[in-house]
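Order-wise, the sequence lines are chains A and B. According to the working numbering, the first sequence is numbered sequentially starting from 1. According to the working numbering, the second sequence is numbered sequentially starting from 321.
These aren't lab readings, by the way, just hints derived from the structure by calculation. We put the beta carbon where it would ideally sit given N, CA and C, even for glycine. Heads up, none of these hints are tricks.
Simulated DEER-style distance windows between Cβ atoms:
(1) A:Thr278 to B:Gly435: 50 to 56 Å
(2) B:Met519 to A:Leu296: 56 to 62 Å
(3) B:Glu495 to A:Gln247: 54 to 60 Å
(4) B:Pro457 to A:Ile14: 26 to 32 Å
(5) B:Tyr463 to A:Gly283: 53 to 59 Å
(6) B:Pro358 to A:Gln247: 56 to 62 Å
(7) A:Ala183 to B:Gln460: 24 to 30 Å
(8) B:Arg432 to A:Leu296: 46 to 52 Å
(9) B:Met519 to A:Ala183: 50 to 56 Å
(10) A:Ala93 to B:Pro457: 39 to 45 Å
(11) B:Gly541 to A:Leu100: 50 to 56 Å
(12) A:Arg314 to B:Asp527: 50 to 56 Å
(13) A:Gly111 to B:Asn333: 24 to 30 Å
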Amino acid sequence: MRDASPAKAYALHIGVIALLFALNFVLPDYHQGLFARIMALAVFAMGYNLLFGYVGLLSLGHAMFFSAGLYGAGLTVYHLGWGVPEAFLAGVACGALLALVIGLLALRTSGVAFMIVTMMFAQVFYLLILYFAAWTGGDQGLVIQQASRVIAIGDASLDLTDPTVRYMSALALFAVVLLITLAVVRSRFGRVLVAIRENEERTKMLGYDTVANKLAAVVASGAICAASGAAYALLFGYVGSSFAGVQYSILPLLWVLLGGAATTLGPLIGTLFMYYVTDITSGFTSAYLLIVGVALILLVLFAPRGIMGSIRERWLGWLP
Amino acid sequence: MMPLLTTKGLSRNFGGLRAVDGVDFALMPGEIRAIIGPNGAGKTTFVSLLSGRIRPSSGTVVFDGADITTMPAYKRVRLGVAYTFQITSVFANLTAFDNVALPVQRTLTDGRTKGQVRSGVMAALERTGLADRAGTPAGQLSYGHQRLLEVAMGLALKPRLLILDEPTQGLADAEIDNFITLVREIAKDATVLLIEHNMPVVMQLADRITVFNSGKILAEGTPEQIRANAEVQDAYLGATHG
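Whenever a hint applies, use it, and build me the whole structure from the sequences.
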């Protein structure tokens, strides 16, 4: 994968970002809003993919990292009156710190035990949110007022509730994380992560501290997922415990599997696909989850490596 | 001259079995040492103790004057103890290039080598004759080439001690000849410790031979001495001498 010309890979990724930029001016209001949401959540999927796709660690608890960012940003705005940039950074820091602690504990296990341990920690996190309802709003959640979601830059201000500002903010975060992911997976660190996925024992015998590398990946993944959560809180103005529930740990796994694990663009494609299948089918029938399920089964049967994974396998071997 | 590696009373039990039993062993810098012995003699367990893949039940391992008995395997690798596996375990889904890039970037990070990953990788691949297969996934290489790739990965670690566990297993005769040349090349820069069943290879390559039996060292000496040793003939060579 490394031998393919890096220029081609970067050109493709910048092209995707440019396309998303242009879509802002073309999409009808409803789809503009949906795309902003998809891009913010695709960041969640990219964070998940870093750990699941590249290191091969299957976590069932990533909702806790997403909601650490969500609450880290939301609560500092709501209770402390912090500005948007500080709150965003607080959210990312919460996610990174939580990931460091969880990583130290959970990486003592692997395989199925790792899945269960991460799931249990996420449940603890979820229950803590409900327990501290006085601050978190419990299962009602908190609404962040429009006035708190404005970034003042000198005399000008950016209102995150404005559809175009919101779209562009989501795109900016998405673009930064996409390019970071691309750089990481092409780096020496990325090569070690893939080696750990392929054969951890062998990687150790090449002089690598695999536990330290996995921990670094957990922290990076947690921080990216938290960035997605923090952005979500600030862009859409709602912080709620449902985002810490188990379905938000399963969703990024589905998005990544659909889009293609260990591909840089797969998380976006998977999130986009899943959102639109749900959106379109729920217009026809209340049994839309059935259709989503059938779509998932078909994909697993005919494209087990996901959409981008299959494209890479069949046509474009150079895709990162 | 100070030995590069010594062990004192090195033992490892698996339940009631003493796989390695109180071994005192010394390896001089620059030599090619072969370890031979019947199946189950404890050869692989012994070198696994040296590389740190398993921990000893008792005894010590000293490398270049430092006690490394409790040091994790990855740190020993950084000191220069490289191990190539008995069962080929290249990264099948990665290209030959990426397989070798892993050890190359390790030595760059440790500051033991300088330069670019690419040039280091290509040098190791050229030395093992795999340069034209750099872009091929390792799993698609022939078995002989996978073994060579394994050696290239060991080489790229710039080891001071290279441990080869049955490197010629499964190789064709022509490949074995190339392999002997390659090991002689490697031995110019590094000490080589190899476990080997193929006696002609051992006799051609080794400066000294250590014979293991039942977890203990039965005999040690030059190839001529070992050939002439009656005890060794009984325990091991006996079968081939009828």
